[in-house]
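Using the sequences plus the hints, can you model the full thing?
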Amino acid sequence: MAQSQQKTNPGRFFEDYAVGDVLKHAVPRTVSGGERALYHALYPARHALYSSDSFAQGCGLASSPIDDLAAFHVVFGKTVPDVSLNAVANLGYAEGRWLIPVYPGDTLRSESEVIGVKQNSNGKTGVVYVRTRGLNQRDEVVMEYVRWVMVRKSDLDAPAPEPVVPELKKGLDAADLVIPEGLDFSAYDFDLAGEPHRWGDYEIGEQIDHVDGVTIEEAEHMMATRLWQNTAKVHFDLSFRPDGRLIYGGHVISMARALSFNGLANAQMIVGLNGGAHANPCFAGDTIKAWSEVLDKSETAAPGVGAVRLRLVATKGGAPFELRGADGKYLPDVLLDLDYWVLMPM
Amino acid sequence: MAQSQQKTNPGRFFEDYAVGDVLKHAVPRTVSGGERALYHALYPARHALYSSDSFAQGCGLASSPIDDLAAFHVVFGKTVPDVSLNAVANLGYAEGRWLIPVYPGDTLRSESEVIGVKQNSNGKTGVVYVRTRGLNQRDEVVMEYVRWVMVRKSDLDAPAPEPVVPELKKGLDAADLVIPEGLDFSAYDFDLAGEPHRWGDYEIGEQIDHVDGVTIEEAEHMMATRLWQNTAKVHFDLSFRPDGRLIYGGHVISMARALSFNGLANAQMIVGLNGGAHANPCFAGDTIKAWSEVLDKSETAAPGVGAVRLRLVATKGGAPFELRGADGKYLPDVLLDLDYWVLMPM
Amino acid sequence: MAQSQQKTNPGRFFEDYAVGDVLKHAVPRTVSGGERALYHALYPARHALYSSDSFAQGCGLASSPIDDLAAFHVVFGKTVPDVSLNAVANLGYAEGRWLIPVYPGDTLRSESEVIGVKQNSNGKTGVVYVRTRGLNQRDEVVMEYVRWVMVRKSDLDAPAPEPVVPELKKGLDAADLVIPEGLDFSAYDFDLAGEPHRWGDYEIGEQIDHVDGVTIEEAEHMMATRLWQNTAKVHFDLSFRPDGRLIYGGHVISMARALSFNGLANAQMIVGLNGGAHANPCFAGDTIKAWSEVLDKSETAAPGVGAVRLRLVATKGGAPFELRGADGKYLPDVLLDLDYWVLMPM
Numbered sequence: 001m002a003q004s005q006q007k008t009n010p011g012r013f014f015e016d017y018a019v020g021d022v023l024k025h026a027v028p029r030t031v032s033g034g035e036r037a038l039y040h041a042l043y044p045a046r047h048a049l050y051s052s053d054s055f056a057q058g059c060g061l062a063s064s065p066i067d068d069l070a071a072f073h074v075v076f077g078k079t080v081p082d083v084s085l086n087a088v089a090n091l092g093y094a095e096g097r098w099l100i101p102v103y104p105g106d107t108l109r110s111e112s113e114v115i116g117v118k119q120n121s122n123g124k125t126g127v128v129y130v131r132t133r134g135l136n137q138r139d140e141v142v143m144e145y146v147r148w149v150m151v152r153k154s155d156l157d158a159p160a161p162e163p164v165v166p167e168l169k170k171g172l173d174a175a176d177l178v179i180p181e182g183l184d185f186s187a188y189d190f191d192l193a194g195e196p197h198r199w200g201d202y203e204i205g206e207q208i209d210h211v212d213g214v215t216i217e218e219a220e221h222m223m224a225t226r227l228w229q230n231t232a233k234v235h236f237d238l239s240f241r242p243d244g245r246l247i248y249g250g251h252v253i254s255m256a257r258a259l260s261f262n263g264l265a266n267a268q269m270i271v272g273l274n275g276g277a278h279a280n281p282c283f284a285g286d287t288i289k290a291w292s293e294v295l296d297k298s299e300t301a302a303p304g305v306g307a308v309r310l311r312l313v314a315t316k317g318g319a320p321f322e323l324r325g326a327d328g329k330y331l332p333d334v335l336l337d338l339d340y341w342v343l344m345p346m
Numbered sequence: 001m002a003q004s005q006q007k008t009n010p011g012r013f014f015e016d017y018a019v020g021d022v023l024k025h026a027v028p029r030t031v032s033g034g035e036r037a038l039y040h041a042l043y044p045a046r047h048a049l050y051s052s053d054s055f056a057q058g059c060g061l062a063s064s065p066i067d068d069l070a071a072f073h074v075v076f077g078k079t080v081p082d083v084s085l086n087a088v089a090n091l092g093y094a095e096g097r098w099l100i101p102v103y104p105g106d107t108l109r110s111e112s113e114v115i116g117v118k119q120n121s122n123g124k125t126g127v128v129y130v131r132t133r134g135l136n137q138r139d140e141v142v143m144e145y146v147r148w149v150m151v152r153k154s155d156l157d158a159p160a161p162e163p164v165v166p167e168l169k170k171g172l173d174a175a176d177l178v179i180p181e182g183l184d185f186s187a188y189d190f191d192l193a194g195e196p197h198r199w200g201d202y203e204i205g206e207q208i209d210h211v212d213g214v215t216i217e218e219a220e221h222m223m224a225t226r227l228w229q230n231t232a233k234v235h236f237d238l239s240f241r242p243d244g245r246l247i248y249g250g251h252v253i254s255m256a257r258a259l260s261f262n263g264l265a266n267a268q269m270i271v272g273l274n275g276g277a278h279a280n281p282c283f284a285g286d287t288i289k290a291w292s293e294v295l296d297k298s299e300t301a302a303p304g305v306g307a308v309r310l311r312l313v314a315t316k317g318g319a320p321f322e323l324r325g326a327d328g329k330y331l332p333d334v335l336l337d338l339d340y341w342v343l344m345p346m
Numbered sequence: 001m002a003q004s005q006q007k008t009n010p011g012r013f014f015e016d017y018a019v020g021d022v023l024k025h026a027v028p029r030t031v032s033g034g035e036r037a038l039y040h041a042l043y044p045a046r047h048a049l050y051s052s053d054s055f056a057q058g059c060g061l062a063s064s065p066i067d068d069l070a071a072f073h074v075v076f077g078k079t080v081p082d083v084s085l086n087a088v089a090n091l092g093y094a095e096g097r098w099l100i101p102v103y104p105g106d107t108l109r110s111e112s113e114v115i116g117v118k119q120n121s122n123g124k125t126g127v128v129y130v131r132t133r134g135l136n137q138r139d140e141v142v143m144e145y146v147r148w149v150m151v152r153k154s155d156l157d158a159p160a161p162e163p164v165v166p167e168l169k170k171g172l173d174a175a176d177l178v179i180p181e182g183l184d185f186s187a188y189d190f191d192l193a194g195e196p197h198r199w200g201d202y203e204i205g206e207q208i209d210h211v212d213g214v215t216i217e218e219a220e221h222m223m224a225t226r227l228w229q230n231t232a233k234v235h236f237d238l239s240f241r242p243d244g245r246l247i248y249g250g251h252v253i254s255m256a257r258a259l260s261f262n263g264l265a266n267a268q269m270i271v272g273l274n275g276g277a278h279a280n281p282c283f284a285g286d287t288i289k290a291w292s293e294v295l296d297k298s299e300t301a302a303p304g305v306g307a308v309r310l311r312l313v314a315t316k317g318g319a320p321f322e323l324r325g326a327d328g329k330y331l332p333d334v335l336l337d338l339d340y341w342v343l344m345p346m
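Chains as they are written, first to last, in the working numbering: chain A, 1 to 346; chain B, 1 to 346; chain C, 1 to 346.
Note that these hints are calculated values from the structure, not bench results.
Treat each hint with caution, since some may be false.
Because identical chains cannot be distinguished in the list, a pair is counted as satisfied if it fits within a single copy or across any two copies.
Said to hold, decoys possible - Below, simulated SDA-like cross-link-like pairs (lysine to any residue); rule was C-alpha separation at most 25 Å, straight line:
#: 1; residue 1: K24; residue 2: F190
#: 2; residue 1: K329; residue 2: T287
#: 3; residue 1: K7; residue 2: L192
#: 4; residue 1: K153; residue 2: E217
#: 5; residue 1: K153; residue 2: R241
#: 6; residue 1: K7; residue 2: G304
#: 7; residue 1: K233; residue 2: T287
Note that the structure is a prediction, hence the values are computed from the model and not measured.
So, in structure tokens, the structure goes:
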């Protein structure tokens, strides 16, 4: 009898990527109210625009979209089998933009273009840069971002490719942001949204401790990660990771963003991802808390809509507002350092 | 750099409530089949009217509504940041009525009117009475109930308000109950509902042991509580409650009600909440069982529809039908003592 | 006061079954996108036809159906209170066929016909054979299967019935399989499906190690089992099973099938269940892995659609491809041995 492992996906190794390749990722997904309900069960998400059709309609949208981070997770999850199955490390994000809200009934798929490769000096690994796009059933791009990962070589004798390192923006300018069509915060209901603080109430440099915490359970992070069809075994198989199942970094992002409601209830729509680092690994039993810092602000052309650039930090201990040690490295209790743009009523 | 906690919600203290105040609670919510599926995943809920569109249509409704207790949880969850964030104890419920079934696609919001305040003699706390209403996207009241809680004072020097204690009914009369429009049990299918016992088969004073039990897990009660956007930190943050995350009382109510299917499969629609006490705290690892007692019965004007008043008791040990000790206090294994009205085929 | 346990369901005992009886099972269920989202959260399910409306439409269907195993679980769950509440053992399955895909919005109910009874020589138990059918809201049979269970007698003095043992096929012939109306794989998108392997790439006798593993959590198997309204207490009540809550066998089936995506991504639609054994019990903490063996292949009349008969084995340890010991018995790490037919692009 033939015993085959060649039918299973071994993932791509560093030498399998070439600049200009377009990877068409598998398993498109139709989202529904089921994904929204699960998102609200898995995270303490309370932003009104993503909770209520009526509220979203009051803001000029057709109905309440799927959470922006849920859309990100769906798009991201599809890339894992082609991009990060043999990754040693997830090195960074840049130039992330949400272009069109995703609604129940939409079907998403993902594509990634290889935009950079650079072999490391040890000859065993290399860095791969991809620009990933999520597309809906009308082939419209709903979001895009650049990610770079360190990937192992399988064949150490494969020649090093010509190094290509893309020039990436340190952060998006406000002018790069795309405001969803029709968005209008001029009749925004602050009572229903949960807090009175508007765009003008936040100062650059201001820091906010979001106070609340959530202790993480194995069942929850696995359900979340599977929902996005991210099936990387490090998150699920304790026999593969006897020290503990590593929690998908996106679970920490969504948890911290949901916790940030307390102090940023009106930071409704995420439109830009400037960068992000998963500073330390997260495991079940950790209690996640979050704090934010206002990095920048800008007006927009949409009625009543302002943009705020925020740092969102997730921790598993320690005091708020502490990020790096004297050596410039992230403190051991810091899980996430995320830099993003949101839209807020003015 | 400014470090602000003033942007987060500190909750209201006793001196912040005045009789006549109307609190417009935040974060309206649109419900879908996702909430229904999760309700059935989190509780062993089997009442046919809430499981099948066809069955509900056979009872004169447009389709299968969201579980009555799910509607209650959605309405209740919104009140937590305004009513019980600084509560020392949840003291009681009264005059609860379900007025209009909630269907997938409906958007719910909540309002509470302060109907009583009474400072305690210690000068440190007081009791606040609110009448809460849940409204749908057509501004129709779908349910209402009175709740009273003991709340801390922040400013101990704040003067005691004129005490106002509302007169509340010990229990609703059958005439107070609102039967959903069109409800008709004259062609009720007992086979599909799961049990042959009709209204006439239950006697006042009869007690029913529901036999089944469920051992509670952290992930489940947190998912349930978040789904209702109740984000009180006692339920989620083990660093805040090192002795164990306290389980939301509503999780125990829904679990006990679902377990009561075994013996009360035809107790379909909850229409009245006469009162209720969370007798002891519940923690993960507890095994919940339930028993019921028939307190009262009444006919209704709707075809084939009778009303039954039930006591529903949830326990985490001990024998069924034991409620209070010789001292008149709830036994330590009693979690819940709920008094409610349901509709049943005659 | 009357204390009644007679209102709860004691389940049927062996002497309560007679050949020809038709059991109309309770609690019909309407499924929605909520069930689909939960299925994807509970299992690493990635088959594209069950994930994307667009992909399903590209295969000639109206939209993406509910997973075939989810439909099986819904149908099966309803039978538990009438068939297996007093079962000592679930002995086997045969002649299972999926006849019509189940879509969000469909309402399912179940009926079982008793087709065999045979008392065991010990006089204390007997074997009951039932043919179960799942029906939708148009009274169309969407699936059917035969199951036989060993059931306790309650009255040991009840006379042994005339033994009737139905003749059951050892396996369905390809000609027995029903191909969903309109199914057409001639424009099948292998990139979006996730693997290039088509019907012609699989050989009879070939074995595939699916590589990935999932460590099981209590919260997950209980949520899954409740979602299918299977409320057998062995799965939920630790006070009833102090050695551990026994995991519903269907949870293992769905987990193994989802894991088999890695190597069988194009084995899209399950259309036949030839047989199956739950070889050993599964408990929380076990890590499930899976391997498959190609047992048979056949062409079909539908355009581009081939059928493959597979053995799917789930394990909680040990090496792949090991099934039975020298004594012919299943090895202790084998959880499941399932024999089924799937449809695959040619």
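query = Can you name, in rising order, the numbers of the hints this structure does not satisfy?
reply = 4
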